[in-house]
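*Asks:* Protein chains in written order, with my numbering: chain A, 274 to 677; chain B, 248 to 496.
Heads up, none of these hints are tricks.
One side only, chain B facing chain A, incomplete, derived with CB under 7 Å:
hint : residue
1    : GLY374
2    : LYS424
3    : THR426
Taking lysine to any residue pairs in the SDA-like style, the calculated list, with each CA pair at most 25 Å apart, reads:
hint : chain 1 : residue 1 : chain 2 : residue 2
4    : B       : LYS321    : A       : TYR621
5    : A       : LYS399    : B       : LEU385
6    : B       : LYS388    : A       : GLY318
7    : B       : LYS388    : B       : HIS329
8    : B       : LYS347    : A       : VAL538
If you are wondering where the hints come from, they were derived from the structure by calculation, not from laboratory data.
Yeah, the Cβ is synthetic: ideal placement off N, Cα and C, and Gly gets one too.
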Amino acid sequence: MKAIDFKEIDGGLPFYLLVGAIGVFILAGLGAAYYMEHNGHWVTGMNNQIVWGTPHVFAVFLIVAASGALNVASIGSVFGKAMYKPLARLSGLLAITLLVGGLAVLVLDLGHPDRLIVAMTYYNFKSIFAWNIMLYTGFMGIVAVYLWMMMERKMNPYTKIAGFGAFIWRLVLTTGTGSIFGFIVARQAYDAAIMAPMFVIMSFSFGLAIFILVLMGLYSWSGRPLGDAILIRLKNLLGVFIAAVFYFVVVYHLTNLYGTENHGVERFLLLDGGVYTELFWIVQIGLGSVLPLILLYGPAGKSRLWIGISCLLVIIGGLAQMYVIIIGGQAYPMEMFPGKEVIESSFYDGMVGYYSPSLPEFVLGIGGVALALAATVVGTRVLRFLPVSLADDMIEPYQSGADA
Amino acid sequence: MSEDTGIDVYRRRFLGNTAKAAAGLAVVTPAVFLHEVGQARPADQPVTSQVRWGMLIDSGKCADGCDDCVTACKTENGWTGHNRPLSDPQWIRKVKLRDKETGYTQTLPMLCQHCEYPPCVDVCPTGASFKRADGIVLVDKHICIGCRYCMMACPYKARSFVHEDIHDQKPYAPRGKGTVESCTFCVQRVDSNRTPACVEACTAHNHGAMVFGDMNDPDSEISRQLEQYSSRQIRGDLQLNTGVRYRGI
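Kindly produce the complete structure, drawing on both the sequences and the hints.
*Replies:* Structure, rendered in structure tokens:
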């Protein structure tokens, strides 16, 4: 068995150019946040009917993807698949950086980002948000410890136990994120226990898609060899996750469709919800689920280009899914007066919520993605996250399942 | 006094024998002291759960086209908007309904329902959303971080986010850009034995569609009417035990 040699990526001009290019998007995101905070949220597309908008789509997507990015490491440490072990460090790094990116967006969209310290010091322990604040900070801590166990030779024997802890924590974390919506009794599209496991499985899919893209990107950019063996294994796994997400989406809608009281919201999401219906069928299901499944398991699945495109499609489909859940779920009017229709209201009662995403919101969201990427690139520059080679001859000995 | 006691405790701990007794004294004494002061100054007494403020709205008496309650609330609490209806705040609003089967139309005001089990209070991460012991649900503008989770959770769309700068605030009804707000039952009036501005306006214009009072007091007008007439809670299925009840819906 060959020993895996980890090394920092090279510095120099190309590194600084890359970080600088990503940095432009971070600065733009900060500028957008300042613009929104300075003027107040009326300059965004968000309003008193749609209170969470595009920033939340990006933020929740990144947070969910963060816990999913850790899966590769978990498969190695917890489930003992040796082939995944060389990838575990990058997996842990991405888990932290994606979470930081998502949280940055979430915090910068608050009405009072300056009161972050209040959020850290005043807790209402019945609030799922408060649980999540602890789950997020705890996740970063536990993954950092996990990385330490992996990267410090003396600590290697504790890798498995740390990995197990991180795996349990990430399951709880994504359950918490899904429950932000699942526990809301007021709105027809939420109030469903299936939200929690659905978010867990969504995290598997989105996190792995991002992981594969970042892996391919970093190896291609740094000129390090990346063999097919690992990519084929990862893309097959991604296909399973895409199918699993699809299954949960089907069950969610079937459950709703069975009860007459939910026919209205299902009709809205699946048939006549305008942009939400289009996003659901065309982007989430068509481009984000069916097409990547065909690509990954068909003849195109052997091509790196198509694997990369499939990952990109999963990410776009995932963002669309978040958009439909978060914004579509709010747009459907709340049923306050069963059997009656609202014919006049100055507050848009009984009407589909109006929301048009604004540029600053989008730029803030992209800024969060850029922050996650920049932190990942800088991380791989300063610490030994990436194996020098992931060529097939480095990997294949591990495939026998021997525990390293 | 307590400082002296504290030093005594410290010394006695070294001396040994009566440490526990002294510490007990040091803890108990200030508590007794404060309690006595509290009773000596009734104005400083905290609100108690012996009172449950509530409102009964009779949709049958609520006049179509009248928005006196809304205007009075705006004037009292100073939440006038910027002509941007999507993002302007609304603490109280008029809603006109039509029965889908019979075509019967009616109007009613919608406001914070001051639930006994308010979902907004449950979900608030910092505890900024809170319910007073007397049932009034409020937002502490100092610790609201503007996350809007309460707005996601409120089944009545009763809350507004302050989307822009605020000028000319009423000193007794503080507001803040980037925080969430809603009907306070005119807590500043209630605390000085007056009724909320909306109820006062409705009564002053002889509609009499709104009654405000202590639902825990069997002799109050609201308790009397609640006992006498059929009333219901909006989204009663959620069992939030709202402080605002409706007749005729």
